[in-house]
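There are 4 protein chains.
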Amino acid sequence: MPEPAKLRMGMVGGGPGAFIGPVHRIAAELDGKIELVAGAFSQSAERSRAAGKSFGIDPARAYASYREMIEAERKRADAIDFIVIATPNHLHLPIALAALEAGIPVMSDKPATATYGEALQLESAVAASGLPYGLTHTYAGYAMVREARAMCAAGKLGAIRKVAVEYFQGWLSRRLETTGHKQAAWRSDPALNGPGGAIGDIGTHAFHVLEYVSGLQVTAINAALRTVVPGRKLDDDCNAFLCLNNGATGTLACSQVAAGEINEVRLRIYGETGSLDWRQQDPTRLIVKWLDGPEEIRHAAAPYLSADALATARIPAGHPEGYLEAFATLYREFAAALIAWKQGQAHPLPATLPGIEAGVRGMRFIERVIESNRRQGWVEF
Amino acid sequence: MPEPAKLRMGMVGGGPGAFIGPVHRIAAELDGKIELVAGAFSQSAERSRAAGKSFGIDPARAYASYREMIEAERKRADAIDFIVIATPNHLHLPIALAALEAGIPVMSDKPATATYGEALQLESAVAASGLPYGLTHTYAGYAMVREARAMCAAGKLGAIRKVAVEYFQGWLSRRLETTGHKQAAWRSDPALNGPGGAIGDIGTHAFHVLEYVSGLQVTAINAALRTVVPGRKLDDDCNAFLCLNNGATGTLACSQVAAGEINEVRLRIYGETGSLDWRQQDPTRLIVKWLDGPEEIRHAAAPYLSADALATARIPAGHPEGYLEAFATLYREFAAALIAWKQGQAHPLPATLPGIEAGVRGMRFIERVIESNRRQGWVEF
Amino acid sequence: MPEPAKLRMGMVGGGPGAFIGPVHRIAAELDGKIELVAGAFSQSAERSRAAGKSFGIDPARAYASYREMIEAERKRADAIDFIVIATPNHLHLPIALAALEAGIPVMSDKPATATYGEALQLESAVAASGLPYGLTHTYAGYAMVREARAMCAAGKLGAIRKVAVEYFQGWLSRRLETTGHKQAAWRSDPALNGPGGAIGDIGTHAFHVLEYVSGLQVTAINAALRTVVPGRKLDDDCNAFLCLNNGATGTLACSQVAAGEINEVRLRIYGETGSLDWRQQDPTRLIVKWLDGPEEIRHAAAPYLSADALATARIPAGHPEGYLEAFATLYREFAAALIAWKQGQAHPLPATLPGIEAGVRGMRFIERVIESNRRQGWVEF
Amino acid sequence: MPEPAKLRMGMVGGGPGAFIGPVHRIAAELDGKIELVAGAFSQSAERSRAAGKSFGIDPARAYASYREMIEAERKRADAIDFIVIATPNHLHLPIALAALEAGIPVMSDKPATATYGEALQLESAVAASGLPYGLTHTYAGYAMVREARAMCAAGKLGAIRKVAVEYFQGWLSRRLETTGHKQAAWRSDPALNGPGGAIGDIGTHAFHVLEYVSGLQVTAINAALRTVVPGRKLDDDCNAFLCLNNGATGTLACSQVAAGEINEVRLRIYGETGSLDWRQQDPTRLIVKWLDGPEEIRHAAAPYLSADALATARIPAGHPEGYLEAFATLYREFAAALIAWKQGQAHPLPATLPGIEAGVRGMRFIERVIESNRRQGWVEF
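Protein chains in written order, with this note's numbering: chain A, 12 to 392; chain B, 12 to 392; chain C, 12 to 392; chain D, 12 to 392.
Please keep in mind that the hints were generated in silico from the structure rather than gathered at the bench. None of these values were measured; they are calculated from a predicted model. Mixed in with the good hints, there may be bad ones.
For identical chains, the list gives no copy identity; a pair is met inside one copy or between any two copies.
[To be verified] Once the Cα atoms are required to be at most 35 angstroms apart in a straight line, the calculated DSBU-like pairs of lysine-lysine come out as:
hint	residue 1	residue 2
1	K193	K167
2	K167	K17
3	K193	K64
4	K167	K86
5	K44	K244
6	K244	K167
7	K17	K64
8	K86	K244
9	K353	K244
10	K244	K17
11	K244	K193
12	K64	K167
13	K353	K167
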């Protein structure tokens with residue numbers, strides 16, 4: 012039998028009102044290698060069917076639970092090839108474990124799990140399963156993040172001395188979680204979200220993009236958490252100092268009460284002879300500032316970029332690709348790994364695609380930030 | 012029989028080496044309402060099959076010519092619902108006519124045809140057919156172009172006095188068309204491209220976005236065409252003065268020899284009390300400059316935008332959507348019109364989606380620019 | 012007798028309510044080589060004295076007319092070394108002639124005169140006098156304009172193919188001249204201002220900076236003038252096509268009814284292999300876009316700049332210099348020429364400082380634009 | 012005897028090779044109210060004379076020491092009205108004390124002294140003398156810093172929750188201090204500079220602008236200092252957490268090894284309903300981001316600004332003022348206070364002009380940062 016034209020994806024989560032479910036659908040299908048064919052979109056059977064209909068899938072494949080989906084799909088000749096997890100955080104682990112147990116590869120939204128302990132448990136399960144597991148740290152999919160990463164890896168800046176990453180939003184400046192706002196509600200509930208508020212939701216992105224681009228690892232953290240909005244149960248603002256494994260230092264700041272900021276992800280990396288500056292809201296440009304020459308702006312898809320950055324380009328320079336395309340790039344890489352695996356080949360995830368290791372580090376980050384804040388001082392990573 | 016989940020699209024053009032074919036595929040499928048199922052991707056049967064395989068479609072539906080595709084598809088129960096035309100310009104008319112004759116709706120890349128005469132012919136055919144016909148003037152799909160359009164329509168700037176639109180690229184600064192560069196080659200050949208070089212390829216975009224946003228119509232043109240690169244057969248640079256039907260005036264400039272520019276589409280509209288400024292390379296922001304108050308930056312997907320702009324949003328503010336999403340918005344609107352038509356309802360294209368009228372005006376623009384340049388002076392539109 | 016520490020300046024114009032008088036005073040004195048010691052600041056003796064007092068000069072040297080000033084100063088041992096003309100345009104010629112006749116060098120605000128005929132007359136007088144005559148085309152004093160000029164002169168862009176200069180303001184979007192607004196009043200009165208409205212006030216600046224930076228000369232113009240605000244006596248908006256003496260073409264646009272624009276002077280120059288982009292409102296940066304490599308931003312006072320650009324720097328890079336400093340740079344160069352002249356040396360103005368030749372070209376520009384507009388077509392320059 | 016037209020200034024420091032001396036001269040004289048007439052520009056009599064000549068002052072008033080200057084000037088009828096201190100830091104205190112003792116007002120470069128203990132000593136001396144004492148924290152002179160300050164004072168952002176200030180330079184990325192670079196040499200020598208490296212040189216500016224704009228005071232600091240360049244004797248990089256007296260928190264970062272940064276001073280202030288964002292390298296714009304509406308850009312000298320911001324404007328909006336003008340605004344305010352004092356009136360410095368209180372806080376900042384770094388944890392301010 013020939014390979015089906017497209018990999019078949021089953022989604023957990025992403026039902027009505029969800030933000031990230033449709034994003035996963037678009038991103039997964041964008042490059043024509045994956046098709047959403049099944050889902051347990053909601054814990055309500057009715058709502059799951061409604062979502063399935065909106066996604067245009069076979070009504071029989073809109074399930075009321077991930078367990079039901081796994082069980083039913085296993086029996087089909089055209090079973091799903093992998094599961095994407097797009098639920099609130101507390102469900103990440105059980106879904107992932109159930110999928111892996113059933114021999115189904117996993118693509119998961121971040122953070123990998125709700126707690127660091129869970130992440131370690133998942134890491135073991137992934138290893139034991141031998142199955143592909145990807146983690147959608149979206150910003151890793153941007154062309155110019157790849158360019159920055161390639162420049163660091165090639166030593167273009169000399170030794171890295173200093174980093175500064177920030178992720179500022181303002182949307183939780185008011186106590187939205189008590190107004191029926193679904194996204195705010197689960198993120199503010201420790202039982203659904205895990206112990207990290209802003210640090211879990213967006214701080215993990217900042218942490219990941221920093222390590223991903225610099226190629227360095229955080230070795231110690233000194234973090235100050237705050238809950239700015241009265242009544243809120245989790246942190247909504249964080250400033251942290253970092254030590255990195257090459258002796259560099261840096262800062263990580265994230266906030267969801269930075270009123271007026273929309274989705275300001277910015278990464279700066281300072282080396283001996285120059286620095287990089289990338290902002291997610293201006294994603295097609297990478298600013299390179301040299302100690303001894305003019306500032307540079309590198310543009311996505313321009314022919315002078317590194318191979319890694321060019322590999323992400325779908326359209327010529329000057330035609331902006333954005334968030335969905337970055338997401339899609341991760342899915343494209345996951346699909347390639349999956350196909351290799353299905354063909355019995357070695358299937359290491361490419362180094363450019365975040366996996367369980369990044370997931371464990373992200374959960375460790377949350378745990379260490381909370382511990383540092385408790386101690387009001389430095390903790391080892 | 013229930014409506015199939017997705018509309019079935021057949022593509023003409025877009026074979027190996029094409030830029031715009033894959034763009035149409037991604038854009039059409041992005042919102043989950045359309046699926047590419049057939050294509051005459053190349054005039055070589057072999058190359059068409061190769062393209063079909065890369066798109067993951069049934070090999071039997073990769074045809075060697077659009078005529079073959081139309082004929083074969085008519086006989087299928089799961090026939091294509093519409094044709095997208097993504098060929099060099101000289102084929103736009105015959106393909107569109109053949110499709111309409113066969114009762115198949117058309118989504119066409121711009122410009123609508125190769126000459127103004129052809130455009131009039133197509134206009135009649137579209138009218139006679141009663142079929143939906145859409146034109147992918149991409150920039151019309153950007154959220155902030157919609158916001159600008161809504162602001163003009165609502166008179167937020169007072170009477171419009173002055174416009175300035177430009178579309179600058181640099182990629183034809185060298186004579187690429189003699190180097191085997193496929194995109195450059197057909198665009199530089201009057202037989203394949205029609206009589207307008209830069210003005211046809213990108214000037215028509217500038218012209219369209221100007222009329223689309225301002226709600227005004229050009230009534231007279233004074234244009235100066237140049238062929239800057241020696242040996243080139245068509246214009247590669249154009250400056251034009253415009254008169255508009257409300258008494259405003261303006262400029263339109265386009266160039267493909269503006270070395271260093273990538274894809275600089277910029278539209279400015281000046282009214283009595285303020286002005287708008289939009290750049291395609293920074294597409295999620297609309298700058299509004301007021302005569303009597305601070306400058307404003309409006310962000311895509313922000314809740315304060317007009318309904319038309321918000322209707323395009325797939326993801327929250329701060330998560331950039333780009334060129335493919337703008338393109339997809341046009342397809343989404345076309346799909347909705349198509350479904351209405353298939354259900355026997357009235358199916359006027361929404362005012363936000365360019366159709367044959369825009370196509371005729373665009374071809375008229377090319378014709379008038381060439382005539383003005385010949386006369387070295389003003390011509391009525 | 013040793014040279015006095017500072018050159019002594021006498022000002023004509025610049026009385027109460029004037030914008031440009033205090034600017035000349037600050038700019039002239041900024042580098043410590045010139046001191047304002049006398050003035051005929053107003054045609055009212057009382058107002059002239061009031062202005063003199065505000066400038067802190069000896070009350071005896073606040074004169075009621077330029078003739079009185081010239082006569083009185085000639086008799087002083089510490090007579091003024093030069094005159095600066097900061098009046099409405101119709102007085103530029105008579106004042107300049109009177110000064111030159113009295114052997115007094117002249118620094119004049121632009122435009123050089125009120126009409127082209129007057130400019131030719133002044134050109135002869137300057138030549139006959141053998142005296143230094145400078146013209147304060149401010150933008151020529153900006154560091155990054157100098158850098159752009161040096162890059163063009165050195166052929167860094169290859170042959171120049173295309174230029175685009177614009178100068179947009181919005182402050183005359185309403186009919187201010189009837190509201191008692193002094194600046195608007197004289198600029199809108201042909202008798203005081205000369206025949207060019209926006210083209211005289213700001214178009215001449217745009218024209219000058221274009222020729223100054225490119226090193227090219229305009230050889231033909233096709234211009235469309237408008238008076239947008241009803242009742243206004245002079246043009247307030249202009250679009251023009253240009254031909255340049257190396258075969259390049261371009262556009263010049265100026266407007267004082269571009270609502271929302273403050274003082275948007277922008278110059279772009281496109282060569283075979285790259286382009287320059289400078290905006291006066293972001294004056295310390297010069298954007299250089301290469302056909303084959305990343306975009307560059309060059310920063311004022313950075314060590315990698317050309318000698319001409321560095322020569323203007325007073326403070327290290329990153330400490331912005333602005334409009335007054337650009338103005339002062341012209342005065343600094345004028346002062347150096349004046350000192351050489353006083354010492355009996357040759358005193359050609361440096362090529363970087365605009366003089367009467369630039370003044371004649373500027374007045375010719377106004378005259379040719381008006382003629383082109385009258386003919387509605389091309390005129391030779 | 013009538014008041015002399017201009018206040019007479021004597022400078023200490025600012026000899027050949029100095030950066031800040033000429034800046035003080037230009038800034039002091041820019042508004043026509045002050046004149047540099049004397050100086051002890053260098054500890055070498057010869058070099059002082061050379062500097063005096065370059066400044067165009069009477070050779071008899073170029074002194075070899077500040078003591079000599081004070082003594083000599085006291086005997087003149089046209090004695091200096093105040094002293095400006097522009098020396099390396101270790102001389103700030105003795106010069107200021109000598110001047111105050113002699114009854115001469117003082118304008119001092121920052122930091123006020125070399126150590127916190129000295130600052131307290133100076134504070135007492137200033138109080139005892141009853142003389143005006145100003146401190147040139149330049150950034151306080153920028154129009155849009157004044158606008159930001161006025162907005163905070165008026166509660167436009169609601170309660171302030173979060174601040175972030177940074178001052179990044181890259182010029183000490185190499186060990187310049189061993190290469191004969193005068194500016195680098197004294198700044199890197201604890202004996203001449205005091206105990207704070209980057210934190211003294213630029214951190215104090217960041218600290219000041221933060222308190223100045225927000226109207227808040229730092230109450231606790233947790234700072235991490237580094238000396239990145241091997242062999243350097245003082246810190247060249249600092250990250251600090253801050254607590255403010257209204258419960259807000261924030262960060263302060265400064266570095267002189269941020270390769271590629273020129274002089275990046277940026278201040279962000281987040282309130283309940285919006286935020287402010289100002290960058291010194293784009294000084295004429297203040298970005299205001301609202302929680303519930305479009306982002307705003309306020310432009311220097313625009314009529315809608317606060318009275319405090321407009322009071323600094325010398326030229327119309329769109330004509331950029333920069334660093335020298337900001338500096339000059341401080342001198343203009345100092346001059347007004349001085350004139351009032353000379354006339355026997357009350358002469359409190361205006362609240363907009365930094366004085367000894369700001370100086371003491373700045374020195375306390377350095378001391379507290381060093382102590383926090385020593386303890387590796389929080390210290391009270």
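(message) I'd like to know which numbered hints this structure contradicts. Please list them from smallest to largest.
(response) 2, 4, 5, 8, 9, 10, 12 and 13
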